[in-house]
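Given chain A, put chain B in place with the hints provided.
Going line by line, the protein sequences match chains A and B. Using my numbering, read the first sequence as starting at 1 and increasing by one per residue. Using my numbering, read the second sequence as starting at 451 and increasing by one per residue.
Straight-line Cα separation of at most 30 Å, DSSO-like style, residue types lysine-lysine; simulated pairs:
(1) A/LYS38 - B/LYS791
(2) A/LYS415 - A/LYS398
(3) B/LYS589 - A/LYS81
(4) B/LYS556 - A/LYS38
(5) B/LYS734 - A/LYS183
(6) A/LYS78 - B/LYS575
(7) B/LYS877 - A/LYS38
From the derived model, a few chain B residues whose C-beta atoms are all more than 12 Å from chain A:
(8) LEU481
(9) LYS536
(10) ASP554
(11) TRP576
(12) LYS734
(13) SER748
(14) SER829
(15) MET885
It is worth saying that the hints were derived from the structure and are not from the lab. This structure is a prediction, so every number in the text was calculated from the model and none was measured. Note that CB positions come from ideal geometry on N, CA and C, so glycine has one too.
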Amino acid sequence: MNSREITTQISKAADFLNLKKWDYGASFSNDYSVQVDKGEAKQLKASQKQILTIRVWNQSNLVGITTTSDISESGIKKALKQANIASDFGNKNESTEFSPLAKDPIKVKEVKKRNPVGIKKLLTVLREAEVKLLESHESIKSVPYNGLSESFFERVYANSEGAFRSYSKSQAALYLYARAEEKNKKPRSSGSVKLGYGADDIDIESCIKEASNKTISHLNYSSIKTDKYLICFSPESFLTIINAFSSMFNARSIIDGVSLSNKNSIGEKLSTEALNIYDDGLHEKNISSTPFDGEGTPTKRLCLINRGRIENFIHSESTARIFKTTPTGHAGLGSKVSVSPDWIVVEKSEENFDLKTSLDHSTYEGEFVYIEELNAIHAGVRASQGSFSLPFDGWRYKNGNKISIESATVAGDIKYLLNNIVNIESSQEVTTSGISPHIWVDELSITGDA
Amino acid sequence: MLSSQIKSNEIVFGSCNKDLLEEIIFYGIGLGADFVEIFIENTDNSSVLAEEDFITSVSPSFGRGAGIRIFKGKKDGFVSTNDLTKHGLMSSVSQAIEMLDITDNKREVFNGLNRHRDYSLSKKKWINEVPSIHEISEKLLVSTKSLKKNNKIITRKGSYSRNLQEVIIASSDGTYVSDIRLHQTVGLNVIASDAQYRSSGSRRFGSSGMPNEFGLWDHEKAANDVFESSMNMLYADYVDAGQMPVVLANKFGGVIFHEACGHLLETTQIERGTTPFENKLNEKIAHESVTAIDEGISEGSFGSLSVDDEGMEPEKSVLIKDGILKKFISDRAGELRTGHKRTGSGRRQNYSFAAASRMRNTYIAKGEHSKEDLINSISEGLYCKSMGGGSVGATGQFNFAVEEGYLIKNGKLTSPVKGATLIGEAKEVMPKISMCGNDLELAPGFCGSISGSVNVTVGQPHIKVDSITVGGR
Chain A
1 MNSREITTQI SKAADFLNLK KWDYGASFSN DYSVQVDKGE AKQLKASQKQ
51 ILTIRVWNQS NLVGITTTSD ISESGIKKAL KQANIASDFG NKNESTEFSP
101 LAKDPIKVKE VKKRNPVGIK KLLTVLREAE VKLLESHESI KSVPYNGLSE
151 SFFERVYANS EGAFRSYSKS QAALYLYARA EEKNKKPRSS GSVKLGYGAD
201 DIDIESCIKE ASNKTISHLN YSSIKTDKYL ICFSPESFLT IINAFSSMFN
251 ARSIIDGVSL SNKNSIGEKL STEALNIYDD GLHEKNISST PFDGEGTPTK
301 RLCLINRGRI ENFIHSESTA RIFKTTPTGH AGLGSKVSVS PDWIVVEKSE
351 ENFDLKTSLD HSTYEGEFVY IEELNAIHAG VRASQGSFSL PFDGWRYKNG
401 NKISIESATV AGDIKYLLNN IVNIESSQEV TTSGISPHIW VDELSITGDA
Chain B
451 MLSSQIKSNE IVFGSCNKDL LEEIIFYGIG LGADFVEIFI ENTDNSSVLA
501 EEDFITSVSP SFGRGAGIRI FKGKKDGFVS TNDLTKHGLM SSVSQAIEML
551 DITDNKREVF NGLNRHRDYS LSKKKWINEV PSIHEISEKL LVSTKSLKKN
601 NKIITRKGSY SRNLQEVIIA SSDGTYVSDI RLHQTVGLNV IASDAQYRSS
651 GSRRFGSSGM PNEFGLWDHE KAANDVFESS MNMLYADYVD AGQMPVVLAN
701 KFGGVIFHEA CGHLLETTQI ERGTTPFENK LNEKIAHESV TAIDEGISEG
751 SFGSLSVDDE GMEPEKSVLI KDGILKKFIS DRAGELRTGH KRTGSGRRQN
801 YSFAAASRMR NTYIAKGEHS KEDLINSISE GLYCKSMGGG SVGATGQFNF
851 AVEEGYLIKN GKLTSPVKGA TLIGEAKEVM PKISMCGNDL ELAPGFCGSI
901 SGSVNVTVGQ PHIKVDSITV GGR
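Okay, chain A solo, but in the shape it has when bound (with noise of 0.2 Å):
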């Protein structure tokens, strides 16, 4: 069935069991990737998947859902009647409804749909990358972790009062992690990841180069001792920062209680005046981008934070409401409707205010810890409570030498941290999860083995 015709039987299903108010949310995909183990193929996938989330409305207007991956007639109906079950136990505190956008133009910015390359062509492509990578320098022994993917599919959004989306597109993923050893040292690791909308589209040479250059940066280490440091984020790491609390701009986590921030934060200062964060799900960088939500509300730019405050809430249908103002394109598609960023846009704000631009990654010689790759994430937040610990990738730079450090966390709080912001570089980098520029922040804990 394809997602007209998904229509027609869910309108037809739910006709027949006296449903007047539905919607769902469908996605079918084909996944195609590859692993290797020095030059042999180790594992070869394919997988042909379809998911559809039915909800309904019963007569007292409470919200009933089911999830199924079987699309055939009887599935549908089956599902129907699951939510129509659910629904005797729909939230009576909170009601959801259509978004008032579902049926509103959505801006589809140039579909890059490419055809599949094929299985045969992905292994050979990951094959030569892993060969490069190995013979990039001699301290490199393996790829332990390595694979090229690449997906095709479709989303659906539909409703009983006539908006029908629809959004298909093709991504490809290349992953390359090498371990390098060397003799009386501890083994190292890092890599890369690259996107595109095609295996053709993905920089395979940058990726080999990036997974190789930071190995090898991290051969030459050294523990750090248990202090507070100046800290350069790089942009991934701040982003991963920033992702991880969210919840801060996150309407539902407010609602919920699980946030930072509470209704009357719009306007409050977080950080220095030089930051702004935008969340921009269309952003022309976005491999991952869709044009609407689980509810079908468009995907749109919107500032977070301008000039340090607080401007404005993610939000979905329900909470939208709940703070009188109109949904942002954030939503999922659930019993009690989740909200999330699409891709964080980090800027320096037009003036430096206080900023101390002589702060540079790139020509700074006095001593810092950059901090390349924060890991370990779901451990080590607690987003409700503001703190974090979190191992890291990164080095020591003094006197404008750097080590690689060899094994330490770093501590604090969100809050803290960006109101100790005390440079925002200028140029911005893009990473997979968004934009950022390398991030400077003062007086950070950080706890090694020295």
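Frame of chain A, contents of chain B only:
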């Protein structure tokens, strides 16, 4: 059997699918596969969320699909699909064969499927015995209500989920198995707040194959436990970072062994060359006080199985005996690629993942000391009563958050501390586990890895680590 004489064109759960499965396997072997495995599942899941004094989410889901794995030499191709018709399954076999680029004329022999081993016979009634959504909702609401003990508790949540998975496994070595798996888990979470102070507490309970277990859950005890934990931590200071001895509590304290050492004993890590223990079989890798076990047979435990996802009954594997490495956790691919015999540990989240060597119920065996012996032996250190999550990096370094911690001074527990993280490497920490308590207990959890998220049990008695890096402020 009459049904075996009727050529079915689609997999039907609850019926005999032998002819169709054999036809598909014959097809794969005929195209040059060394080995063909078919894993088919039908799921019926449900989850319920209570927040404060209301049910805010009820989410049923169901689905079905197949994962087909073809081996040629040490290579494998895996295809998953929602199409359980003969055409759909044959297309998946063809796709896997094509991916592997099989061109030689060597043909393996397939002698048909063995006698059906049906582990599901006594389990078919489970679906009627599990609690109804109404019963679950009532009990969750009573639990969240019992968390309302003072006005500092600002968020109260109770959650329940049930996964019922019916599986059929057939492969060209004759394996033909059916089973039904039932996993239920229930958890409580709170956030406490007072002015600038915030703390949280959580506990999760889980079982496998016990439809009535939810009814026996002592929600009052659980609520008291979570409440106490959050209150104890509300005004706690941040811990000072440094190297120090620690005592790790039993139950979920075992997550560190699971993450930091257990994963390194899976054959997938040998295949990748990422375990420091690869060539250490029969060598000392831990303190002699440490014996560690991985098994899938403890009745009702969250990681227990009647049969693994490759059709093998799980065994009890002594991984480490008195500090000596004795065994790796292995699946079919692991045996093929590393030579370590299968242990009934081939596991996957669902049909869309190929099975891999994964832990089941993994724990450090009990020792002879009391909890007090361990604490009394430390003049200055940290007691980790409740662990949060953690992770292990590609080079074996681990990092774990301590959810509830207390300083130890002169052999006594003193003030609560927050923000502690335990950092280290398994091969350096294992020899430093110098004392094991006599109070082994297990706790359920979910483990995410190469073949998705699977139900596991972690566990240990109280243990003492002589020295470990504690991250803090």
